[in-house]
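Student: Protein chains in written order, with our numbering: chain L, 1 to 256; chain S, 1001 to 1741; chain U, 2001 to 2205.
Keep in mind that the hints were calculated from the coordinates and are not lab data. Each hint should be verified, as a subset may be incorrect.
With a cut-off of at most 30 Å between alpha-carbon atoms, the simulated DSBU-like pairs for lysine-lysine come out as follows [claimed, not checked]:
1) L:256 - U:2069
2) U:2183 - L:248
3) S:1197 - S:1307
4) S:1518 - L:256
Not close to chain S: a few residues of chain L, all C-beta gaps over 12 Å, as computed [said to hold, decoys possible]:
5) 57
6) 67
7) 148
8) 160
9) 166
10) 175
11) 185
12) 224
13) 242
14) 245
The C-beta atom is built at its ideal place from N, Cα and C for all residues, glycine as well.
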Amino acid sequence: MSHPPRRSSMLSTSSSAQTVTPSEKQVPPQPQLQTPTQSNPGLRVPSNRKTIYDRHLNRSRNAESSRASFAFLFGEMVTYAQRRVTGIQDLERRLNEQGYPLGLRLLDLLFYRTMSSSSSSALSSSSTSASPPNRPLRILPLLHLIHGPLWRLLFNRPADALEHSVSPDTPNEYMITDNDPLVNSYISVPKEMNQLNCAAYVAGIIEGVCDGCGFEAKVTAHNQPTELWPSRTIFLLRFGESVMEREKVLERAGVK
Amino acid sequence: MTSPGDAAPVKPPPSFSPGVPRVSSKTRYPERRDSSASLDPERVEPRIASPPTIPLSNTTDLPIRSGSPSARSVRSTTPQIGRTSLGSPLDGRADSALDTRSLIIRSFSPVVGVYSSPDTDELVRQKGFKGGFWELIRPFGENVPGKLVIRDSIGSSRGWEDYGVRFVDLGEICRAPNDPNQGRSSPLAQVEAVLAKQLDSTDGPPSGAIHPQDLVGLSSTSPLYKLYLRQLLSIASVSPHETFRHPVASVIAISSRNSAPLESLRQLYADTNNGQRKVPEWIHPEYLRYYVLVHDEDRDDITASTKLYDQMKRHFGLHCHLLRLRSNQCVVTDDDSVQVPECEWLSPSERLSERPEPLVDLDSDGLLYLFDSDVMAIKGFVRELIAQSVVPFMENRVAVWNDQVASRRRGISGRFMSMSRKWAGFGSSSRSSSGSGGASGNYNVSQGYYHYDHSEAILRKMADYAFMLRDWKLAASTYELLRSDYANDKAWKYHAGAYEMCAVSTLLNPLGAGSKIKVEAIDQMFDTACYSYLTRCSDAPTTLRCLTLAVELLRSRGGSAAESAAKWAMRAMDLGLVESVGQGLLSERISSCYASRPPPNGVRFGGRRRKAGMWSLFAADMWLRLGKPALASACLEEAERLYADVLGSDGVFPMPEMQTFVDNLRLSVKVGYLEARGLDIKEETGSTDPLDDEETSEKLDRRMNRRSLIGNLNPLDTATLAQLQTTRDGDSVPSDDFERA
Amino acid sequence: MSYYFTILSPTDVPLFNIAFGTSKSGGDGIARFRFPDAAQNTYMTQFIIHSSLDMLEEAQWMGGNMYLKHIDTYPPASAYISAFLTPSGTRFLLLHQPPQPNLPASGAAGAGGSIGSSTMSLSSSGMGGSGLFGGSGMGSSGRTSSSSIAANPTAPQTEEAVRQFMTEVYEGYVKTVMSPFYKRGMEIRSPVFRSKVSAAGRKWL
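The shape of chain L in the complex, shown without the other chains:
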């Protein structure tokens, strides 16, 4: 049972970091975050005249947030989601919904960071040498994006496995395995709820990424414990019919 001490970089967007978690609503909003999207004429500009548009998105890219605070925060999120739920499925659905918008946002942030790091840090530089990353057009590049860069952005390491369903009936199913999901590290699920996997939150993030890229998908988290990895979790991705049809067309067209 070796738990390599992993640091979460999940909430590493520093001052605007709170944005990444959808449950932030309950946190009293800080005024400087509020300004840009307020529609009321009395725009409240922060005293230091710095809006979110003046902050650099990359400054916090290597900053890491404390695992303890994350554990606490996530615990609160689960508790929050648990209110008046009808069952485990309902709870997982709520966790999934919390993750979904985060996935959409992370997608943009991820590409932005890759883009700006590949060119020099200053966007204004006119160097054209660096080619920005490609949007995934086919399923496989998308899965690699999730398995690699996305996982690294969230957990500072890639996911542990990526598999395709072997059953001919379900060619649209793919699996991403995380041997020890960070979100479950400090969560002990009661026996009567042993179906529950709080990584449904991460499944929601994945779903957001897929959907954002134009791959309609349904993602669920499932417990698959092994001797070595008691909290091993499999994320099952089921792509929609339209995605599979498009796959065929794009394959014929030779798009990679």
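Based on the hints, put chains S and U in the right spot on chain L.
Tutor: Frame of chain L, contents of chains S and U only:
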């Protein structure tokens, strides 16, 4: 005299079933056009073939028809514009492209001159044809009955059902160059006038040109557009730079009344050679002469005529025909009367001047009738003329010229020759004149033509012959050969014509031979042709013809070519070549070009629905401004159909100004439509208001941010997308303090 | 050169609009669109943008670049559309209309001059008289060649300038999206964002 068996196909009983499909077209164009048959060409499709059946669709004039049940149903459905008329079987979807193709091909038919003796014209005038023999046979030349077999340059034969020729008064050809337009308005203005006239006569409140949208969803060609196309292709007059309007043959006719028949024939022939019927020197004078003896069945002795005919054959060879006609005038009440078919290819000026006649003297209903026996005789004559004389003659000319002129030009020496032409004085060419100043010197710069026996003119003629014989491969390669020659000589109109026809014949050449056409190359050719026509020669009508040919032929190719077609149509509008009605028609055409490119199976991208919808809306706007709410309404409906896939289920445009524009348009169309209907109460209007279903609630808060980005077609899972929506729109647990980001 | 910039959600809902003119080579930064009919000014830009989505959707799946370059042309108004696609499917569309060198002739005949101006991005190289044709096209656009961008909407310099502009807008967009108070599909109403976009327009276009 007339065998009843002959009459049968011509005049079927009222319940004649082929009448049923016509119901649809009548639904769209109910009133006047039935008698005037103005927009009828789609009924005169080659496949329906026999022209005499046309008058049968004439509801108003034939009492026997109006009593038939099908006719009555026509009347009752007339006012309903909209898709009620869609289901008719004849509105075949696939045929649309073929139709336009066939139309274009037939517009380039060989021209056969007609030169008849005064006694012949006199005989025919007795029958009621004021224009004489030419007017009598003219309509019958446009569709040669039966299949016509043509051999191409490599010896393979193909049969054509829709072959035809254009009979033209020979005098007109010879007169033409002196007075091109006779000071009348320009041909384009005439086309516009014809269209406007057509619109006014058909756009009675309830009718309007509803486009036969077929069931598959591809827009087909509206009848009005076909009229436009036909008119545009008919305006070309005889000109040096292309030989389509030069006579391929000429019919020389005398009648049995002639006292000195052989001398008359000789005199007529001499006239065509150096008399008043001598063609200008840019027209090849060695066209086929065909001698016809018109025998008067009612007054003259057939044995005498037969004897004379045998004499003719001895003197003039095989190209002779004995045409037996009755000289009495036929009226509608005669047992075996057949209405003379309308001419399909009337030039715009003819349409403008001739159309009012049937409207004026409605008593005699202005229509001409012929005895059935006459019709059969004329048809037999036309078929024999074309199948046994004209086509073989053309085939022969193409073969000879190809052998003597083109092959030399194509060979190594020919290439060298054309090179040497560029360097003046290098090696005297074997042709009549040596080059000077980079040009061959064959081109008569001041007059702007090549003499008919110069190789440039002969090659062009050969290419045109090949084109008219539908040997597009040979035609294309010959035009290609000519392009540089004309450029060297700065014969810009010839130059434009060669580029134009090269592109056209390349496009007409069927795909079969593995010839993948490159749209870019075609575009390039049209581009050059257009530039030469318009900028160098200021020939707007021909430019428009060229552009329209580009649009239609590219469109019929489908795929990316259809997109290119839309661009050419935009170019035509952009250059200001068309006026208001034309603008509307072209907008519709652009829309249909884009609509003919559906997304590939299985995916939702790759179509051009938004573009098609947009142009349809623009067309609606234009029709409305022209005061044609019925047409506008049809376009609006079409636009809705096209937009259906890309807009949400509520059919609301995401962009506010667009929505405002569309809302205003709908309102104005509705108002205009109701006003027009209110003015004419006599018209029984259908109870169904076609605009009812177009009402769209002006929802201001349009669909909010859908959560799923693409999956709204089949939401994968109830747990996520669908439920999200429902929970947002008001959950069953109102006090739920669970919030979503 | 006049510009109309729009951000559309993946479901075609407009999130942000701005119209501006070039600030290069003495431009005053005010958009002056020319459409055949002045009444069309309000909606034509939107129609053109909307219709170009057909092309965008196709380009979206044919290549993985975020910047899709010049994707569509609307010849009647010589309007060009460039597009940028964020990974989450939001579309940035820039309509640019070069200043008209010579007004389109309305007469039927002799309108030769307008051919050049309305050249529909057909490659005008090659045979026959096309050289002359291409020449006239170049001539009409060369008149404004002091600014490389305004000269030719499909030139590489223009593509690069638009790319820079798009990238800069993308940065602002990501920052907007990261805000917890921004929900997906919401209109972007921040004046700061707007000023950032127009600053980027001044800088690059």
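Student: Compare the structure with each hint and give your call.
Tutor: Hints, verified against the model:
{"no.": "1", "hint": "L:256 - U:2069", "verdict": "20 Å, holds"}
{"no.": "2", "hint": "U:2183 - L:248", "verdict": "33 Å, violated"}
{"no.": "3", "hint": "S:1197 - S:1307", "verdict": "51 Å, violated"}
{"no.": "4", "hint": "S:1518 - L:256", "verdict": "26 Å, holds"}
{"no.": "5", "hint": "57", "verdict": "19 Å, holds"}
{"no.": "6", "hint": "67", "verdict": "23 Å, holds"}
{"no.": "7", "hint": "148", "verdict": "23 Å, holds"}
{"no.": "8", "hint": "160", "verdict": "25 Å, holds"}
{"no.": "9", "hint": "166", "verdict": "21 Å, holds"}
{"no.": "10", "hint": "175", "verdict": "17 Å, holds"}
{"no.": "11", "hint": "185", "verdict": "23 Å, holds"}
{"no.": "12", "hint": "224", "verdict": "20 Å, holds"}
{"no.": "13", "hint": "242", "verdict": "6 Å, violated"}
{"no.": "14", "hint": "245", "verdict": "4 Å, violated"}
Violated hints for the displayed structure, listed by number in ascending order: 2, 3, 13 and 14.
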